[in-house]
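Chemist: Can you build the whole structure from these sequences, using the hints too?
Quick note, the sequence shown lines up with residues 104 to 264 if you use the numbering used here.
The hints are simulated quantities; they were obtained by calculation from the structure and are not laboratory data.
It cannot be assumed that every hint is accurate.
[Unchecked claim] The following label-pair restraints were derived from C-beta to C-beta distances: (1) Tyr141 - Pro186: 17 to 27 Å; (2) Thr143 - Gly208: 26 to 36 Å; (3) Tyr141 - Lys211: 31 to 41 Å; (4) Gly247 - Gly223: 53 to 63 Å; (5) Gly208 - Ala139: 37 to 47 Å.
All C-beta atoms, glycine included, are put in the ideal place defined by N, C-alpha and C.
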Amino acid sequence: MRALAMMALLWGVVVAAQAAPPSYTLTMTTEPLTGAAYDTVVASVVEAGTLRAPSPVPMTLNILDEHDVVLATVTGYVSTSSPLRVRARAPSSGPLRAQVILPPGTQKLAAGVLAIEREGREEPPDPQSTWCEMIFNAIDPMTGMPEPVTVMTGCKTTAEQ
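Modeler: Below you can see the structure in the form of structure tokens.
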């Protein structure tokens, strides 16, 4: 019995002395997206999977420039009901990328989607209005009968000044 206890004690020491399995940081980056200087850039991580229970997954989301300099960053949790987004202004027309970093030991997303969007700063179009001319006639112009009729002539869209 004493030998068995000693063997169990030694086995426990051997197991405790073994190195822990390495843990990895998962990093994923999108393809570069080019545009114009001062574009609005939005990076998003969305959990699109629906089969797993919605448990939040911690991560860091970055927008990187062409030299891997971080332009914007946010750290938070992503679940099916809560995406993670970060926005920045493009400093140049150079390519930008979105990057997501999951810390070691974090559970993975069931169906995560990493996206980057870039929208230009073009001048918005002038406000427009649509109007239609309505003429009220006491006589139907088609039949000549004395019936109240509303005739709609052409509708027009104009830019407001």
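Chemist: Hint by hint, note whether the structure agrees.
Modeler: Cross-check of the supplied hints:
{"no.": "1", "hint": "Tyr141 - Pro186: 17 to 27 Å", "verdict": "holds (25 Å)"}
{"no.": "2", "hint": "Thr143 - Gly208: 26 to 36 Å", "verdict": "holds (35 Å)"}
{"no.": "3", "hint": "Tyr141 - Lys211: 31 to 41 Å", "verdict": "holds (36 Å)"}
{"no.": "4", "hint": "Gly247 - Gly223: 53 to 63 Å", "verdict": "holds (57 Å)"}
{"no.": "5", "hint": "Gly208 - Ala139: 37 to 47 Å", "verdict": "holds (41 Å)"}
Violated hints are absent here; each numbered hint is respected by the structure.
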